[in-house]
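Those protein sequence lines, which keep their order, are chains A, B, C, D, E, F and G.
Heads up: the first sequence begins at 1 in this note's numbering, then just goes up one per residue.
Heads up: the second sequence begins at 97 in this note's numbering, then just goes up one per residue.
Heads up: the third sequence begins at 193 in this note's numbering, then just goes up one per residue.
Heads up: the fourth sequence begins at 289 in this note's numbering, then just goes up one per residue.
Heads up: the fifth sequence begins at 385 in this note's numbering, then just goes up one per residue.
Heads up: the sixth sequence begins at 481 in this note's numbering, then just goes up one per residue.
Heads up: the seventh sequence begins at 577 in this note's numbering, then just goes up one per residue.
A few of these clues could be false.
Claimed, not checked - Here are the simulated distance ranges between beta carbons:
id : chain 1 : residue 1 : chain 2 : residue 2 : range
1  : A       : Gln13     : G       : Gly638    : 30 to 38 Å
2  : B       : Gly164    : G       : Glu657    : 27 to 35 Å
3  : E       : Lys460    : D       : Lys342    : 31 to 39 Å
4  : A       : Gln13     : B       : Pro152    : 28 to 36 Å
5  : G       : Gly622    : D       : Gln341    : 29 to 37 Å
Since the hints were derived computationally from the structure, they do not count as laboratory data.
Note that this is a predicted model, so its numbers are computed, not measured.
The C-beta atom is built at its ideal place from N, Cα and C for all residues, glycine as well.
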Amino acid sequence: MKVKPLHDRILVQRIEEEERTKSGIIIPDTAKEKPIMGKVIAVGDGRILENGQKLPLSVKEGDRILFGKYAGTEVKIEGEEYLIMREDDVLAIIED
Amino acid sequence: MKVKPLHDRILVQRIEEEERTKSGIIIPDTAKEKPIMGKVIAVGDGRILENGQKLPLSVKEGDRILFGKYAGTEVKIEGEEYLIMREDDVLAIIED
Amino acid sequence: MKVKPLHDRILVQRIEEEERTKSGIIIPDTAKEKPIMGKVIAVGDGRILENGQKLPLSVKEGDRILFGKYAGTEVKIEGEEYLIMREDDVLAIIED
Amino acid sequence: MKVKPLHDRILVQRIEEEERTKSGIIIPDTAKEKPIMGKVIAVGDGRILENGQKLPLSVKEGDRILFGKYAGTEVKIEGEEYLIMREDDVLAIIED
Amino acid sequence: MKVKPLHDRILVQRIEEEERTKSGIIIPDTAKEKPIMGKVIAVGDGRILENGQKLPLSVKEGDRILFGKYAGTEVKIEGEEYLIMREDDVLAIIED
Amino acid sequence: MKVKPLHDRILVQRIEEEERTKSGIIIPDTAKEKPIMGKVIAVGDGRILENGQKLPLSVKEGDRILFGKYAGTEVKIEGEEYLIMREDDVLAIIED
Amino acid sequence: MKVKPLHDRILVQRIEEEERTKSGIIIPDTAKEKPIMGKVIAVGDGRILENGQKLPLSVKEGDRILFGKYAGTEVKIEGEEYLIMREDDVLAIIED
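Chain A extracted, bound-state conformation (with noise of 0.2 Å):
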């Protein structure tokens, strides 16, 4: 089973507390919007554009991503949490 996202919506999935400590990235406490590092596990297929033209996607599948702590929705598919996102919502991709 495979969950597809609409046009400009990713599936992204949280990265743990632990995962990121060893990638260097520590969300601060006192931040009122905390941004979060997820992988983009699906991508839709393009931002409809007001002249009706897909644009692709920059982000995608693999991605290790920042994003807003409010950003998406969530969902549990077979036992695993995801967020539906927009790619706007995403703030940064982290390149190794």
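Use these hints to put chains B, C, D, E, F and G onto chain A, whose structure you have.
Then chains B, C, D, E, F and G, alone, in the frame of chain A:
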């Protein structure tokens, strides 16, 4: 009798808990805005663009979809409950 | 006397409970924003696009439609109650 | 002396209760936002589009119109009360 | 010294009660948002359109105009009170 | 050291009371949103239009301007107080 | 490890009080929304325009910038605090 959604709207029938469990998707109780799974029964003939052209929808009859808890308007047709929502309220399509 | 809605507006007459039951559509009591069924009595000559062109409406005189509970403005004409709403307030067209 | 509404604005004179009853249109007391009937006294020379062109109005001098209760701004000219509103506040034109 | 309004703004001097009575325009006391009459003292060189072009204003120096009670910002220049507002705040031009 | 405002922003230095009195402009105490006079110290290289082109600003270095009381953000540079605001916050240019 | 901001976002490191004093910029305590100085660490590959094209950013790696107090989202990377904000939150570039 048939209900034809207007423009970028779609007619959706919720898929109940039992069915969802079989498919492996469970909605977490703690989520503020629960995504809901449904089946697309009918779709409008397209989103009207600013230049007046109609863009056919990406979602089609028979698709199983995820959508936000508060998406759409409820309506009962011949004893069955449905939702009418805009395509943009659809988070993802479930592909088997 | 005739009421000609302006641009993308339409004149609608509600279809009462009894009639709706015959057609098989029942509005749930628990829904916060009940869709309502009506008959289109007159339509405007089109939505004005940003480039100034008029796009004819998809809804036409005689159509039976579903719309949101709070859509439109009430008006009485020769003793009959009507609603004037924008085409975008229409959720779906009922096809027999 | 003449008042020339600017761009997409129109100058309207309300049609009083007695006149409305003759014409068969009665505004329900329970309606939250009552439509009001009026006569168009003067119109602006057109709505300015995003590309800078002027689109002539659909409403013209002498038209009898329906509009929302809170539409427009009141002004007294030579003892008579008028309203200045945008064409988009007009719900419908009354055709005899 | 001269004040040149920017883009689509205009410099307006209110016309006082006595003058208005002569011209026949009286503002009703009960109106929540009173239109006010004024004389245009200076105008900007045009509204900037989305494509970057400038659209010259329809209102010109010397015009007598009607505008909403809360339109514009007050400024005193050499002892005289003026208002600076956008052309879109102008309801109508008074033609004699 | 130089501060270069970004895009359609400008760097402004307030002109104090005494100077303003000489120039004849006095701000009324009763005005809720007082316009303020200032001198333009630096300007951005243009407003970015929707098509990506840059439109050079109409306001230029050295201009004396009027702006709204709450326009812009305060910043101190080498002991002097300045404001950084968008060109659209400028009401008028003072021409001598 | 590298953080690549998405589209029109930039990664910024705050410049602390002592450094700012040396450069001559002091933020007034009374300002409601304090501008803050920072150094640009990384930039996105451009703002997406309505026609789908990417407009490269004006701000570049190494630039010292001024931005509003509430701009951006805080993130810690390898023990260092950063902000991720949109280019439009940048008030000015500091040129030496």
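Structure-based check of all given hints:
no., hint, result
1, A:Gln13 to G:Gly638: 30 to 38 Å, "holds, 34 Å"
2, B:Gly164 to G:Glu657: 27 to 35 Å, "holds, 34 Å"
3, E:Lys460 to D:Lys342: 31 to 39 Å, "holds, 36 Å"
4, A:Gln13 to B:Pro152: 28 to 36 Å, "holds, 31 Å"
5, G:Gly622 to D:Gln341: 29 to 37 Å, "holds, 31 Å"
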